[in-house]
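Since the structure of chain W is already known, use the hints to place chain U on it.
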Amino acid sequence: MKLQGKVALVTGGAQGIGRAIALGFGREGAKVVVADLQVDKAKSVVQELQALGAEGWAVEVNVAAESSVKRLANETLGRFGRADILVNDAGVYLKSLVVNMSEETWDRTININLGGNFLCSRAVIPAMRKQKSGRIISIASGIAHYGAKEFAPYAASKAAIIGFVKALAREVGSDGITVNAICPGAANTAMPRTHRSEEELMARLRSNPLGHVLEPEDFVGPVLFLASDAASYITGQAINVNCGSYMM
Amino acid sequence: MSQVALITGGGGGIGGAAAHRMAAAGITVVVADYDHGAAERVREEIATAGGKAEALSVDVTQAREVKALVTDVGKRFGCIDVLANIAGGSFYTKRIEEFTWAEWQEVIDVNLKGTFLMCREVAPLMQRQKSGRIINTASNYGVTGSALRTPYSAAKAGIIAFTKTLAQELAPDGILVNTVAPGPTDTPRVMGKESPEARKQRWAEIPLGRTGKPEDLAEAFYFLTTPESAWITGQTLHVNGGLL
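Chains as they are written, first to last, in this note's numbering: chain W, 1 to 248; chain U, 1 to 244.
Chain W on its own, in the form it takes in the complex:
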């Protein structure tokens, strides 16, 4: 097992890609803090972890609220005494043309998607510094590079996450902490379903060079790699897991 004894926090861990990552970490022996605004769903992920024989813990968090994130970090450190891995996955995907967009939609997306990365990373870095090791993995998006009509704040927040990851990697590298991003291609999750018909979505998901419909589980391997010792010399990178839908 690649992550035996490690303590991992996964924000947005209650569903979709975050849930798949939480379960993947559990299978590799990590103790997983499933942090999500939807604590009931987080609790059911913890039950799934326990069914795998892994240790999990559900914590309610609003990643855009400083006090809530502080509590998440304090409670995690209080319970487990360390924080080895942080996965920043919590995010929202709100649809609007820029000309019609309310300031509220803009702020909410940027505060949760980008601000959450800042607050959660800031909260765990002191513990990682003490340990002289740590892994921060942010879930960005292919939309950071490609853009997406009607999702300007989402695209901006995800591109900004990549900039944030590169800057943070330079700040904390000397403490043995790596910071990287994964850029998933469009995947078969609940998120795009709020805005597309089933038929439209599946056609879109299949239209990549490998002709494969990406599932949440498909991102677990690359995240596990970045979280493992094998990737100890990789930092500041944004890795595209997108079936070749674009290449950088």
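Bear in mind the hints are in silico, worked out from the structure with no lab data behind them.
Each hint can be trusted.
Derived DSS-like pairs (lysine-lysine); straight-line CA-CA distance at most 27 angstroms: (1) K70(W) x K166(W); (2) K166(W) x K213(U); (3) K2(W) x K132(W); (4) K75(U) x K130(U); (5) K193(U) x K113(U); (6) K132(W) x K200(U); (7) K166(W) x K132(W); (8) K213(U) x K130(W); (9) K130(U) x K67(U); (10) K113(U) x K67(U); (11) K213(U) x K200(U); (12) K94(U) x K200(U); (13) K130(W) x K70(W); (14) K2(W) x K43(W); (15) K2(W) x K213(U); (16) K149(W) x K166(W); (17) K70(W) x K132(W); (18) K113(U) x K94(U); (19) K130(W) x K200(U); (20) K149(W) x K95(W); (21) K200(U) x K166(W); (22) K52(U) x K2(W); (23) K52(U) x K75(U); (24) K213(U) x K132(W).
What follows is chain U alone, placed relative to chain W:
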């Protein structure tokens, strides 16, 4: 049946480490190198460690040798699951007006043409298998450029674009093509040329505070052969301690 990996430059620092890593995972490794003695040493080390390996010679710039190598490997093993094109080098550090045409061609050929020739020969085999992983080797210099290394930087940038193109061409056959881009790495070839002071200064520029070890690179090459990376193609994986 064990997977088969063909690794060019397998006798060198990064290539040798990649060969060891794949062999440790149970992959049968064909260590191909211009320097047969170096390939033979790696083969022996792998065998001693309990892995399976063969050593073969190849000059990747010679189409005929490349064809003979791939035919030979195909006959011996019946398949090639992984091709890692690691043979390469920068050889010269000099201003562009001092580069002769022959020197320019030498650097372009061993890096870029060698990658093309190997891929051209191995791709049909993988297409018949309907599966395969090709991993090419670029460099951070292929993105940033590097003063006094014009042909090397051009060749490595060329490899990145070549990889993306080949990834698109081979995707319908289930073949993944990616590039690993090493930053400064402690290979015998590099370390032999660098003073301890120069090394220290280099370390200060790298966020993780050290140069890469061949083993760090080997993990990235190995990752790109595994089921965990099944949906990554046409990408460049930078392994450089945060330098870029």
